[in-house]
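Asker: Chains as they are written, first to last, in our numbering: chain G, 100 to 401; chain X, 100 to 401; chain U, 100 to 401; chain Y, 100 to 401.
Worth flagging that the hints you see were computed from the coordinates, not collected in a lab.
One or more hints might be untrue.
The list treats identical chains as one, so a pair stands whether inside a single copy or across any two.
[What the hints assert, rightly or not] Using 30 Å as the maximum straight-line C-alpha spacing, the simulated BS3-like pairs for lysine-lysine come out as follows: (1) K261 to K136; (2) K344 to K331; (3) K391 to K261; (4) K170 to K261; (5) K136 to K334; (6) K261 to K344; (7) K175 to K215; (8) K197 to K331; (9) K331 to K261; (10) K229 to K136; (11) K175 to K391; (12) K334 to K344; (13) K105 to K215; (14) K215 to K284; (15) K170 to K105; (16) K334 to K197; (17) K344 to K105; (18) K129 to K334; (19) K284 to K334; (20) K197 to K215; (21) K105 to K391.
What you are looking at is a predicted structure, and each value in this text was computed from that prediction instead of being measured.
Number of protein chains: 4
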Amino acid sequence: MSCSKKVDLSGVFPPITTPFQENEEIAWDKLGENMDKWNNIAFGGYVVHGSNGEYPYLSADEKIEMVRRVKEMAPKGKVIMAGAGCESTRDTIDMCNKMADAGADCVLVITPSYYKGAMTSAALQQHYTKVADASSVPVVLYSVPANTTIDLAPDAIISLSKHPNIIGLKESGGDISKIGNLLHKTQRDEFQILAGSAGFLLPSLMLGAVGGVCALANVLGDQVVQLHALYKEGKMDEALELQRKLIAPNGMVTRGHGVPGLKATLDWYGYYGGPLRSPLQPVSQSAADIIKQSFNASGFNP
Amino acid sequence: MSCSKKVDLSGVFPPITTPFQENEEIAWDKLGENMDKWNNIAFGGYVVHGSNGEYPYLSADEKIEMVRRVKEMAPKGKVIMAGAGCESTRDTIDMCNKMADAGADCVLVITPSYYKGAMTSAALQQHYTKVADASSVPVVLYSVPANTTIDLAPDAIISLSKHPNIIGLKESGGDISKIGNLLHKTQRDEFQILAGSAGFLLPSLMLGAVGGVCALANVLGDQVVQLHALYKEGKMDEALELQRKLIAPNGMVTRGHGVPGLKATLDWYGYYGGPLRSPLQPVSQSAADIIKQSFNASGFNP
Amino acid sequence: MSCSKKVDLSGVFPPITTPFQENEEIAWDKLGENMDKWNNIAFGGYVVHGSNGEYPYLSADEKIEMVRRVKEMAPKGKVIMAGAGCESTRDTIDMCNKMADAGADCVLVITPSYYKGAMTSAALQQHYTKVADASSVPVVLYSVPANTTIDLAPDAIISLSKHPNIIGLKESGGDISKIGNLLHKTQRDEFQILAGSAGFLLPSLMLGAVGGVCALANVLGDQVVQLHALYKEGKMDEALELQRKLIAPNGMVTRGHGVPGLKATLDWYGYYGGPLRSPLQPVSQSAADIIKQSFNASGFNP
Amino acid sequence: MSCSKKVDLSGVFPPITTPFQENEEIAWDKLGENMDKWNNIAFGGYVVHGSNGEYPYLSADEKIEMVRRVKEMAPKGKVIMAGAGCESTRDTIDMCNKMADAGADCVLVITPSYYKGAMTSAALQQHYTKVADASSVPVVLYSVPANTTIDLAPDAIISLSKHPNIIGLKESGGDISKIGNLLHKTQRDEFQILAGSAGFLLPSLMLGAVGGVCALANVLGDQVVQLHALYKEGKMDEALELQRKLIAPNGMVTRGHGVPGLKATLDWYGYYGGPLRSPLQPVSQSAADIIKQSFNASGFNP
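My request is simple: use the sequences and hints to build the entire structure.
Answerer: Shown next as structure tokens:
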């Protein structure tokens with residue numbers, strides 16, 4: 100295990116999409132073009148291989164190469180958080196260290212979920228403890244029940260927060276009470292909580308979260324960063340107004356239409372969204388219209 | 100339909116429990132004793148026949164009599180919000196008007212839920228529209244998926260918020276993004292949103308909710324009211340500290356141990372909790388210990 | 100408690116619909132017309148106030164009157180099984196005895212379900228034991244997770260099957276393994292299992308069920324009775340062919356389109372289906388077409 | 100695409116476990132010992148890399164090597180069905196062809212499930228069509244909602260059953276009506292349905308299924324094969340008696356205690372169960388006792 104190298108997770112992190120060519124190969128040039136734009140925004144860093152990166156569809160080699168390139172392209176000081184969770188503990192450990200070698204500053208480790216009945220709190224605690232013991236970079240817990248149906252329990256998180264190599268949590272379940280309770284119970288410098296969506300970023304910040312991993316920041320990076328800044332500056336009325344406006348568009352590119360919705364919106368906003376890997380399918384024209392309408396209704400035009 | 104008599108829902112409302120004797124008959128004297136204590140707290144009013152009132156176990160006559168008595172015992176100016184939702188539209192309308200006649204200032208109408216597959220947004224909109232058209236007092240929508248598995252959809256709520264006799268929503272699902280979005284989309288004076296739990300009261304207030312219907316307020320009425328007051332006075336640091344401390348105890352008497360947990364805690368705090376109506380069973384001794392421990396850990400001793 | 104008066108549940112029972120006029124009042128004349136037709140079919144009896152009877156929308160007086168009339172109109176020897184389940188134990192007991200007084204031979208008691216978290220096996224066992232102790236006619240357990248989200252657990256059922264006044268189970272969950280296991284574990288004459296749908300009637304009979312409560316039998320009474328008869332006569336190939344043909348149409352009037360689908364089909368087949376009580380809404384024209392197509396595709400034309 | 104090489108799926112297939120050493124490496128010698136025992140049982144063949152094989156925890160190389168060895172050790176004529184499903188279409192195609200090269204006679208392809216909201220029937224149909232177009236051996240569809248929360252819809256299955264390289268379905272959802280309906284709608288020689296559990300094997304066979312993929316057959320291979328044989332010989336009473344006895348033990352090693360329960364039982368019955376790959380944990384002593392008790396209660400002693 101590494102010494103407890105502290106990584107600062109404060110700020111907004113876009114969980115970046117993986118751009119593909121028509122033949123579903125990674126479009127490295129398009130990744131570069133997107134990065135050029137994102138690099139102009141005051142992000143805390145980048146999440147590579149979050150759910151929005153279609154990471155379950157990437158090979159190990161692709162995952163490594165992508166982290167290597169993002170690290171290279173990102174300005175100095177930006178935190179690279181790399182998704183490294185696999186179903187087995189041994190594969191997860193292996194991937195954590197590969198991500199570290201490729202340049203990741205920390206790893207984001209999703210709950211295993213295939214054997215749902217067996218993923219008890221005890222099993223998950225053991226899993227994360229072994230992973231954190233063996234990972235050469237700090238571990239961020241990742242609970243995303245919408246995809247896994249596994250909600251990492253508060254008691255497990257509180258217990259794991261004491262591990263010197265577990266530095267935080269990305270909470271995507273959207274239960275603000277859970278976030279508030281965890282912040283109350285893990286009041287030590289080293290444990291940092293990140294909201295898993297722009298939809299509840301401000302309430303999370305107000306309760307003590309340090310930042311957010313927000314799909315919406317791929318598209319509306321400036322606005323999500325501004326929300327964080329308004330909060331830090333104590334401009335609460337403006338922050339609230341902006342938070343409330345962001346929720347509906349955010350819903351479009353997360354729960355509503357997922358990665359296909361996000362990629363369509365990227366294209367619309369001048370980024371490269373591009374094709375998806377099958378079995379994901381592009382959004383229909385009518386869905387695209389609804390998404391645009393929602394962004395427009397909140398005043399966010401490209 | 101009544102004219103759009105505005106009822107002010109701001110503040111904290113305890114959804115009061117129904118006290119029973121050992122033989123499961125309503126203990127009217129104990130209700131009076133509890134009311135005497137609650138009347139000393141700066142509540143906005145009372146919810147009678149919310150989920151915590153074991154209302155599905157009460158006869159129509161009991162429901163009416165209880166509202167009549169609470170109205171009589173409550174200080175002038177306290178809002179009496181009475182649960183009136185039934186499975187059918189006709190029964191709901193009938194109950195709304197009986198509650199009004201008994202003294203209710205407004206009615207809280209839960210989503211029908213038995214025929215789950217058929218409770219589409221369209222069906223629910225039609226239901227609420229007919230109810231609001233016919234109710235002699237204003238209607239508050241009530242969405243509580245933990246009990247009904249029906250989550251009243253944002254579009255339905257936004258549409259219903261335009262009805263002159265629908266004045267608000269009690270949202271118990273705990274999805275702060277939904278609350279934020281609804282507040283953004285229903286920005287008119289007449290539509291008031293109430294957090295359905297003390298667990299997310301402060302974030303809801305910050306986004307624009309006017310108050311909360313909080314089971315925990317049965318027991319920790321002063322503290323929940325204080326949370327609301329701190330927010331109103333702009334003392335955000337103190338408010339946050341208090342909010343975070345309330346979450347774990349709140350979880351004990353809501354999701355964790357439900358009405359049995361709440362009644363046991365009432366007894367512990369000097370109120371009358373008393374027996375439950377079967378099939379509800381009292382909490383076990385070990386559960387009672389866990390509940391006490393949680394209240395104590397947050398510094399709330401009777 | 101009554102002595103253990105045995106009631107024979109073998110055979111097919113339609114859970115009859117409740118006919119309404121346009122103003123949602125019960126159309127007693129139409130009930131009579133439907134009964135005249137159903138009385139010509141070799142049913143084991145009738146279920147009054149099952150889910151298909153819109154029983155959550157009926158008043159206590161309506162429920163009693165309907166059982167009284169069905170008893171009167173049914174040929175001698177037909178078993179009248181009346182839905183009597185309420186949320187509280189005391190209301191359920193009261194309703195059981197009212198149903199008995201109105202002529203019910205036995206009562207069908209659904210699991211209480213509002214306080215989902217509290218409806219443990221222990222709570223449900225206590226509920227059913229108290230009800231069976233106090234009911235003047237035998238009790239049939241009723242588990243229908245699609246409406247209640249409560250699946251009465253095998254251990255609870257096996258334990259309750261030993262009660263002298265609990266004579267059977269209507270199992271609507273569709274888990275044939277559960278049915279098989281229960282039949283293995285409750286091998287005594289007095290406990291009778293009824294399939295809760297025509298969709299798995301034959302497999303249930305083959306494992307030892309005595310019959311079925313089948314929504315489809317409202318419409319295709321002769322065919323469902325024939326399926327039972329073919330099985331009893333050992334004509335397995337014909338039985339299998341018929342069973343397989345019935346599944347798709349059955350799905351249309353159960354999970355697919357519910358009571359609205361069933362009532363539309365009744366109208367089509369020359370029975371009186373008629374309006375529903377709000378908030379239930381009639382099926383759309385396109386849904387009606389799909390239902391007809393499914394019945395036609397299986398060769399069942401009115 | 101291969102020509103439509105017919106593979107006969109009739110019979111009982113154990114989805115074999117993957118034996119591990121204490122260090123979690125595959126114990127190839129123990130695999131050989133288990134195979135020696137299983138080869139004495141009249142199975143139709145073997146499923147390698149079903150859910151019980153801990154396949155999400157195996158590397159691609161391990162998966163290939165394991166199929167190669169099982170093929171080598173199995174008697175001539177036994178069908179080797181190899182799990183080949185991955186999250187992406189391209190990875191699935193690649194794995195199908197690797198499995199074929201390693202000796203698989205057909206491939207079992209689970210529904211992708213990570214992006215739950217996007218796995219519509221249309222997306223899944225496109226996925227399976229592309230896979231079947233490109234796979235060099237026939238494809239068997241695999242729906243297992245307990246692990247994936249995705250239930251492959253009847254319409255999708257019926258449509259896919261027409262593809263010349265899709266020869267069957269392993270249905271693990273346990274909905275006997277779905278199985279009956281599918282058998283009615285896919286009455287052509289080429290489409291073969293396999294029950295996904297011994298818990299509903301006989302009802303499935305009676306409705307027209309050709310066999311089963313049964314976790315229980317790892318342990319009680321003779322008995323599950325005998326159940327199939329009794330059915331084929333028309334000895335229905337004996338078959339029913341045996342089916343009913345198998346359900347409770349089957350529940351122990353499937354839903355009840357999963358792969359850990361199955362491996363513990365294998366050890367008890369003289370096979371090699373052995374350790375699990377983390378995060379799976381061995382069953383507790385009390386769980387092991389309950390499992391043994393259930394097998395004993397049904398008369399199945401090692």
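Asker: Determine for every hint whether it applies to the structure shown.
Answerer: Structure-based check of all given hints:
1. Proximity of K261 and K136 under a CA criterion of 30 Å is satisfied in neither setting, with 38 Å inside one chain copy and 42 Å between copies.
2. Proximity of K344 and K331 under a CA criterion of 30 Å is satisfied in both settings, with 19 Å inside one chain copy and 23 Å between copies.
3. In this homomeric assembly, K391 and K261 come within 30 Å of each other (Cα to Cα) only across copies, at 25 Å, whereas the closest approach inside a single copy is 44 Å.
4. In this assembly of identical chains, the alpha carbons of K170 and K261 lie at most 30 Å apart only when taken from the same copy (29 Å versus 48 Å across copies).
5. Taking the closest pair of Cα atoms, K136 and K334 come within 30 Å of each other only inside a single copy of the chain (27 Å); across copies the shortest separation is 40 Å, beyond that limit.
6. When the C-alpha separation of K261 and K344 is checked against a cutoff of 30 Å, the pair qualifies only between copies, where the shortest distance is 20 Å, while the shortest distance within a copy is 37 Å.
7. In the homo-oligomer, the alpha carbons of K175 and K215 never lie at most 30 Å apart, since the shortest distance is 40 Å inside one protomer and 36 Å across protomers.
8. For the identical chains of this complex, K197 and K331 are neighbours neither inside a copy (35 Å) nor across copies (51 Å), given an alpha-carbon limit of 30 Å.
9. Taking identical chains as interchangeable, the C-alpha atoms of K331 and K261 lie at most 30 Å apart only when both belong to the same chain, with a minimum of 27 Å there against 36 Å between chains.
10. Within a single copy, K229 and K136 get their C-alpha atoms no closer than 38 Å, and across copies no closer than 36 Å, so neither meets the 30 Å cut-off.
11. In this homomeric assembly, K175 and K391 never come within 30 Å of each other (Cα to Cα): the closest approach is 35 Å inside a single copy and 50 Å across copies.
12. Proximity of K334 and K344 under a CA criterion of 30 Å is satisfied in both settings, with 16 Å inside one chain copy and 25 Å between copies.
13. In the homo-oligomer, the alpha carbons of K105 and K215 never lie at most 30 Å apart, since the shortest distance is 32 Å inside one protomer and 35 Å across protomers.
14. In the homo-oligomer, the alpha carbons of K215 and K284 lie at most 30 Å apart both inside one protomer (27 Å) and across protomers (28 Å), since each shortest distance falls under that limit.
15. Only within a single protomer do K170 and K105 lie at most 30 Å apart by alpha-carbon distance; the minimum there is 18 Å, versus 51 Å between protomers.
16. With identical chains, the CA atoms of K334 and K197 are never at most 30 Å apart, being 42 Å at best within one copy and 47 Å at best between copies.
17. When the C-alpha separation of K344 and K105 is checked against a cutoff of 30 Å, the pair qualifies only between copies, where the shortest distance is 27 Å, while the shortest distance within a copy is 34 Å.
18. For the identical chains of this complex, K129 and K334 are neighbours neither inside a copy (37 Å) nor across copies (48 Å), given an alpha-carbon limit of 30 Å.
19. In this assembly of identical chains, K284 and K334 lie within 30 Å of each other by CA distance both inside one copy and across copies; the values are 27 Å within and 22 Å between.
20. For a Cα distance limit of 30 Å, the shortest separation of K197 from K215 qualifies both inside one copy, at 27 Å, and across copies, at 28 Å.
21. For the identical chains of this complex, K105 and K391 are neighbours neither inside a copy (40 Å) nor across copies (36 Å), given an alpha-carbon limit of 30 Å.
In summary, the structure is inconsistent with hints 1, 7, 8, 10, 11, 13, 16, 18, 21 from the numbered list given earlier, while agreeing with the others.
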